[in-house]
Amino acid sequence: MNDARPPLVELAGASRAYVAGSPEQVVALRAVDLAIPSGEFVSVEGPSGCGKTTLLNLVGLLDSPTSGEVRWGGRPVGSLSDRERARLRLRGVGFIFQRFYLLPTLTALENVELPMRPLGVPRAERTRRASELLGEVGLAGRERAFPHQLSGGEEQRVAVARALANRPGILLADEPTGELDSGNTRAILDLLERVRHDRSATLVLVTHNPEVAARARRHLTMRDGSIVRDARETGT
Amino acid sequence: MTRLSWGRSLRHSRLQLVLTVAAIGAAVALPVILISVGGGVSAHELAQLQNAGYQLVVSAQGLHGIAGAHALSDRILAMSSVTAVSPVLSIAIDAFTAQGSLSPVLAEGVVPRDFTATLGPTESGLFPSPLPLGDPTDSVRYADGTYAGPATNDVLVSTPYALAAHVFPGDTLLLSPSTDPSLGVRFNVTGTFGVAPSLLGPTGAFAVLLPLSDLQVLTGFGPAPAATVVDAADTIEIALTSSAAASPSALAQVRSAVAALVPYYSVTSLDQQAEQLHAASAVLTGFYLALSSVGLTVGLLFLALVLLRRVESDRRSIGIRRALGIPGRSIVAGIVRDGALLALLGGLAGVTAGYVVVEGLARWATAAVQEAASLAVFDPTILAAIVGGVVALSLLASALASRRAMRVDIGEALR
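The listed protein sequences correspond, in order, to chains E and F.
Per my numbering, residue 1 is the first one in the first sequence, and the count goes up by one each step.
Per my numbering, residue 1 is the first one in the second sequence, and the count goes up by one each step.
Hints listed in this document are in silico derivations from the structure and should not be mistaken for laboratory results.
Some clues are possibly wrong.
Stated by the list, open to error - One-sided and incomplete, this derived list gives chain F residues near chain E with beta-carbon spacing under 8 Å:
| hint | residue |
| --- | --- |
| 1 | I326 |
| 2 | S330 |
| 3 | I410 |
Glycine is no exception: its CB is placed at the ideal position from the N, C-alpha and C atoms.
Work the whole structure out from these sequences, hints included.
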């Protein structure tokens, strides 16, 4: 913790309020301060509506705070254009969603190739890397399958492979096991832990399942838009 | 980037795709039909002008046409650079066969020898040479404007008419200025002449050719009731020497000289007529395109709606792409590409449909339409321009959908 390098992602007094069809604002996040160093495995817990996903969206540059600041590698990102933020997401962030969000008209292989295309990765290289990633998540031989031909666990594996496509520094998983049975939940968590460890990546995992959260080394608990507990496990 | 997704997505909604392509195709087919047929007819008329055996035309439409045609022709013939002058009088009359059947026919009164001298290479093969009409110079009957000479009363009939009316050389034919046979004069059929379908329509194919003075007397365009001589013709065709015909300045000089001789009549060169034809053709093409733009607008609006609908139904996919960091331009490129693809398919379908319709008209429509359709010319450059224009306009149709796609809220789309 005494590392002189700035945290990978940092929120400084970040708030997010919405105007949802009424004159009153709904405050989803209240002046959150948070620093996530590189390589950490962080869980974010809390009841529904407490602001977990909003926090994740701010960290992943899908959204901007209405007040406060988000920094990446010590640099504020608030002044970046949509295009620059998209580029940062494309290169630096791997998203894993609860509902998988694979593109239904693409095969598993094409879904994994998708984030590589805008970076100009040559076709052969794309295909090779996507095939390797699918093999890494245990889906070798399923490259040509469309999402509707895959089970929920397989779809989430494809989503993990897609999240790893551009070798991001941080993986953001929003309830990644929320739609899975216990067997697939264990398998996906094992997979996430393994890829995080192998790639020295940061993993931020939003969940309201304590068993899932227990896998993390750092535990954030949220309530009413605020982080009410930030606990790190000691030891290995 | 979005090629795979959007392409497949389109294939998944085949009905929309087919309807869009059909709408654009229908919009494209109209200008294809109009321009190909209109252009074909113009090109045909132009070819006729270019193949004519004369270079200048004196014309005057009206009750009496060009008066004093014989004398005027002689005066023009006396000019330098002029090799042949052919006065022509064209009048619709009625022909009665020996069996009494009646047909309206187009009668052309000509000076036989001068007529053959002004035929172009295409036409000359259709007529016997010399024409088997008894008075080659039309001077016997005309008799210096007295019309007192003996009439040969010879007539040539077109092959289509001969076959239809069963009239052949050696037969006689009663020609009358009206449907009253008592006003008619019996003529000897001395030969036939060919009519290329592309030169005269089926109606025009019912034609007869006779000496000018015989037709003038028969129709009252020779000696008038008040004992005056009209000696009328519709046109006087003037052939020049090959060197004068090839020189614009010499042509203009002869034209001016003839115009000075006949200030009340129109004197035009075939080059001028060709230019006028070109200009008229360009105006018509513009009109056809303007007319077609209405259909095209509807087709492109349809395309815009389909693309907008596609964006609406793909909000989640667009949101996912944007969340992953796929650049907006890739998403827009996919929409534009789909719009262009649909426009291209519609354009090609329209060209095909236009071709099929024109071919159908050439085979199964009424005679006059068949005639026009058979002359249609499908110019690849024009067809490519039409299709290219539609594809270019599809960019406009894609703009709205692209704008909508860029406004998809990521968080909302993923909720």
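Hints, one by one, checked against the model:
no.: 1; hint: I326; verdict: 6 Å, holds
no.: 2; hint: S330; verdict: 6 Å, holds
no.: 3; hint: I410; verdict: 5 Å, holds
Hint violations for this structure: none, all hints satisfied.
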